[in-house]
Amino acid sequence: MNILVCIKQVPDIEQIKIDTSKNVMLIEGVPTIVNTFDTYALETAVKVKDADPATKVYVVTMGPEKAKEALKSCLSVGADKAYLVSDSVLADSDTLATSYVLGSAVKAIEASEALSFDLILCGKQAVDGDTAQVGSQLAEYLNYPQITSALEIALDGGKVRAKRETEEGNEVMEAALPAVVTITKTAYEPRYASVKTKMAANRAQIPLLTAADLALDTALVGLNGSAAKVVKTFVPERKKGGVKIQEETGELAADKLTALLSNAGVI
Amino acid sequence: MSEYKNFWVFIESQNGEAKNASLELLSPGKKLADAAGEKLVAVVLGSQVEAAVKAAISYGADEVIKVDSAEYADYSTEGYTYALEQLVNKYKPATILIGATGKGRDLAPRLAGRLKTGLVADCTGLDIDASTGTVLWTRPVYGGKSMASIEIPSARPQIGTVRQGVFKRGEPDTGRSADIIGENISIPAGTIRTSVVEKIAEAAEGAVKLEEADVIVSGGRGLGKPENFSLVKDLADVLGGVVGASRAAVDAGWISHVHQVGQTGKTVGPKLYIACGISGAIQHLAGMSGSDVIIAINRDCDAPIFDIADYGIVGDIKEVLPALTEAIKKLKA
Chain A
1 MNILVCIKQV PDIEQIKIDT SKNVMLIEGV PTIVNTFDTY ALETAVKVKD
51 ADPATKVYVV TMGPEKAKEA LKSCLSVGAD KAYLVSDSVL ADSDTLATSY
101 VLGSAVKAIE ASEALSFDLI LCGKQAVDGD TAQVGSQLAE YLNYPQITSA
151 LEIALDGGKV RAKRETEEGN EVMEAALPAV VTITKTAYEP RYASVKTKMA
201 ANRAQIPLLT AADLALDTAL VGLNGSAAKV VKTFVPERKK GGVKIQEETG
251 ELAADKLTAL LSNAGVI
Chain B
1001 MSEYKNFWVF IESQNGEAKN ASLELLSPGK KLADAAGEKL VAVVLGSQVE
1051 AAVKAAISYG ADEVIKVDSA EYADYSTEGY TYALEQLVNK YKPATILIGA
1101 TGKGRDLAPR LAGRLKTGLV ADCTGLDIDA STGTVLWTRP VYGGKSMASI
1151 EIPSARPQIG TVRQGVFKRG EPDTGRSADI IGENISIPAG TIRTSVVEKI
1201 AEAAEGAVKL EEADVIVSGG RGLGKPENFS LVKDLADVLG GVVGASRAAV
1251 DAGWISHVHQ VGQTGKTVGP KLYIACGISG AIQHLAGMSG SDVIIAINRD
1301 CDAPIFDIAD YGIVGDIKEV LPALTEAIKK LKA
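Chains as they are written, first to last, in this note's numbering: chain A, 1 to 267; chain B, 1001 to 1333.
Keep in mind the hints are simulated off the structure, nothing from the lab. Careful: at least some of the hints might be erroneous.
[Said to hold, decoys possible] Just the calculated beta-carbon pair ranges, DEER-fashion:
| no. | chain 1 | residue 1 | chain 2 | residue 2 | range |
| --- | --- | --- | --- | --- | --- |
| 1 | A | 243 | B | 1174 | 34 to 44 angstroms |
| 2 | B | 1177 | A | 1 | 23 to 33 angstroms |
| 3 | A | 107 | B | 1154 | 22 to 32 angstroms |
| 4 | A | 50 | B | 1130 | 49 to 59 angstroms |
| 5 | A | 51 | B | 1190 | 23 to 33 angstroms |
| 6 | A | 152 | B | 1154 | 40 to 50 angstroms |
| 7 | A | 50 | B | 1199 | 25 to 35 angstroms |
| 8 | A | 231 | B | 1332 | 38 to 48 angstroms |
| 9 | B | 1131 | A | 15 | 29 to 39 angstroms |
| 10 | A | 246 | B | 1329 | 16 to 26 angstroms |
| 11 | A | 54 | B | 1184 | 43 to 53 angstroms |
| 12 | A | 243 | B | 1333 | 18 to 28 angstroms |
| 13 | B | 1050 | A | 15 | 45 to 55 angstroms |
| 14 | B | 1256 | A | 262 | 50 to 60 angstroms |
[Claimed, not checked] Derived pair list, reagent style EDC-like, types lysine to aspartate or glutamate, alpha-carbon separation capped at 20 angstroms:
| no. | chain 1 | residue 1 | chain 2 | residue 2 |
| --- | --- | --- | --- | --- |
| 15 | B | 1116 | A | 167 |
| 16 | A | 229 | B | 1292 |
| 17 | B | 1030 | B | 1173 |
| 18 | A | 49 | A | 167 |
| 19 | A | 159 | A | 118 |
| 20 | B | 1318 | A | 217 |
| 21 | B | 1318 | A | 255 |
| 22 | B | 1233 | A | 251 |
| 23 | B | 1199 | A | 171 |
| 24 | B | 1209 | A | 251 |
| 25 | B | 1209 | A | 174 |
| 26 | A | 229 | B | 1151 |
| 27 | B | 1332 | B | 1214 |
| 28 | A | 244 | B | 1292 |
| 29 | B | 1199 | A | 174 |
| 30 | B | 1199 | A | 247 |
| 31 | B | 1318 | A | 247 |
Every residue gets a Cβ at the ideal spot worked out from N, C-alpha and C, and that includes glycine.
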């Protein structure tokens, strides 16, 4: 079994501060992490390897040179080999362009490793962009079936069986392999790296794939090649002047709030 | 590009009934279509969808395209993508709006990938850029800390999923009429490569419709113990609302994930959201900051949830919640 996990290096959004005087986001210098959902996807893959040691887990990311750190972090928690797709022409790609690049990378890695991936896992969405689009669009590019928002997977006789979240509860969905499955928050937590695995990850060679290596049509990548373009970003107006009630007893506070809500026509 | 015209709203249906998440897009869709001088078309895909077609017309569709077949009784990514691809190629809409439901967010990227066009996810604002005539989509990024305005300048159709609850359904006009075009599209054998082998509805909680609720009372780890969710439930009951939860409470095993609000759960936009014992991590705020009125009840007066709350009570959940339930009961009596 060969599994590829697609990951993204993202800023730790919890640590992004807002400069309220200028109403701008202070993103400079914010530490980066492996996208949380991608860590669940990787752990899901490594659990397959735990049960079947013949399984190989590869990781790939598209990003700047610095994204190597994220790949090293994946290597320290169970991934066997990592590839970095990096090229200045890829900056500001939308999800359609990104899935074209990642899909091309899948083909290139398969060729260079002389294997084919049975399963491709992605995090459900990246916590910075929150689009939840790249997994499905990668599946479409590769013409594979997709299962989104999976909580756990099982592999069995050329099929992947995934328990996935729906609005009504859960359902179990099967897809023929090869398939793309996106992983949401799992019941299990990703494992930790040890000093030893971290050192090994630091020594690992991470092959670089450029736009030329992937024979990409540069008219279809980067800002110019993207169908969707960000026109502007802005920090939303913060609500302020909310009423805060602090009373001796819960009863007094509750009565005060009820009166306020009633006067404002909320209830 | 100029051959593409009209605004489509994809009407998601379940058992023949249109979902609110779709119907509420007809009103903003109509405004945009009018501004662009185009028609608003509802596209209904499903099985025995008469009720959904009627609803779409009563909420403002100028025209309906329906594909009504048992083949579409159950949603599948590949089957629905196939049908919509055929319709888009035939009718060439300029814009498609899709409700950002679980199914909508599964379908839209596959469809946009198939059509090689642009997609904007989970929008909270829709406008027409007067200078270009294209749709200006606005959506939260970085967990809601920032907003991005996005355009799809040349690829068509331009597609967006729209967050539930952002736009309110107008009043239905059952006297309206509209042309209904029926299309027969049969899904070729082998198209659908997935199958649902088991559905696990959360029996007692199957009725949790957080996305459609007017009032949500949510509990977090600050409740102290799972039994205290009964206090949350009591308050929700007296307000005619439903129970939500933070990820921390779900992760602790206190309540099922179908109740979860936030980045890993559901995105909601009720008229009233009451957060009980929820500190207000960015992941939670991302799922509920669009609520009309937010009330926070928390022991910690510095909890970030108070920054976005319209009203806050600093106090002990165990005291405040029963008192609040009683006070509202009295008011309503």
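Consistency of the hints with the structure:
no., hint, verdict
1, A:243 - B:1174: 34 to 44 angstroms, "41 angstroms, holds"
2, B:1177 - A:1: 23 to 33 angstroms, "57 angstroms, violated"
3, A:107 - B:1154: 22 to 32 angstroms, "27 angstroms, holds"
4, A:50 - B:1130: 49 to 59 angstroms, "57 angstroms, holds"
5, A:51 - B:1190: 23 to 33 angstroms, "31 angstroms, holds"
6, A:152 - B:1154: 40 to 50 angstroms, "41 angstroms, holds"
7, A:50 - B:1199: 25 to 35 angstroms, "29 angstroms, holds"
8, A:231 - B:1332: 38 to 48 angstroms, "47 angstroms, holds"
9, B:1131 - A:15: 29 to 39 angstroms, "37 angstroms, holds"
10, A:246 - B:1329: 16 to 26 angstroms, "24 angstroms, holds"
11, A:54 - B:1184: 43 to 53 angstroms, "48 angstroms, holds"
12, A:243 - B:1333: 18 to 28 angstroms, "25 angstroms, holds"
13, B:1050 - A:15: 45 to 55 angstroms, "52 angstroms, holds"
14, B:1256 - A:262: 50 to 60 angstroms, "33 angstroms, violated"
15, B:1116 - A:167, "28 angstroms, violated"
16, A:229 - B:1292, "30 angstroms, violated"
17, B:1030 - B:1173, "14 angstroms, holds"
18, A:49 - A:167, "31 angstroms, violated"
19, A:159 - A:118, "9 angstroms, holds"
20, B:1318 - A:217, "62 angstroms, violated"
21, B:1318 - A:255, "15 angstroms, holds"
22, B:1233 - A:251, "18 angstroms, holds"
23, B:1199 - A:171, "4 angstroms, holds"
24, B:1209 - A:251, "30 angstroms, violated"
25, B:1209 - A:174, "26 angstroms, violated"
26, A:229 - B:1151, "5 angstroms, holds"
27, B:1332 - B:1214, "17 angstroms, holds"
28, A:244 - B:1292, "17 angstroms, holds"
29, B:1199 - A:174, "12 angstroms, holds"
30, B:1199 - A:247, "48 angstroms, violated"
31, B:1318 - A:247, "15 angstroms, holds"
In this structure, the earlier hints numbered 2, 14, 15, 16, 18, 20, 24, 25 and 30 are contradicted, and the remaining ones agree with it.
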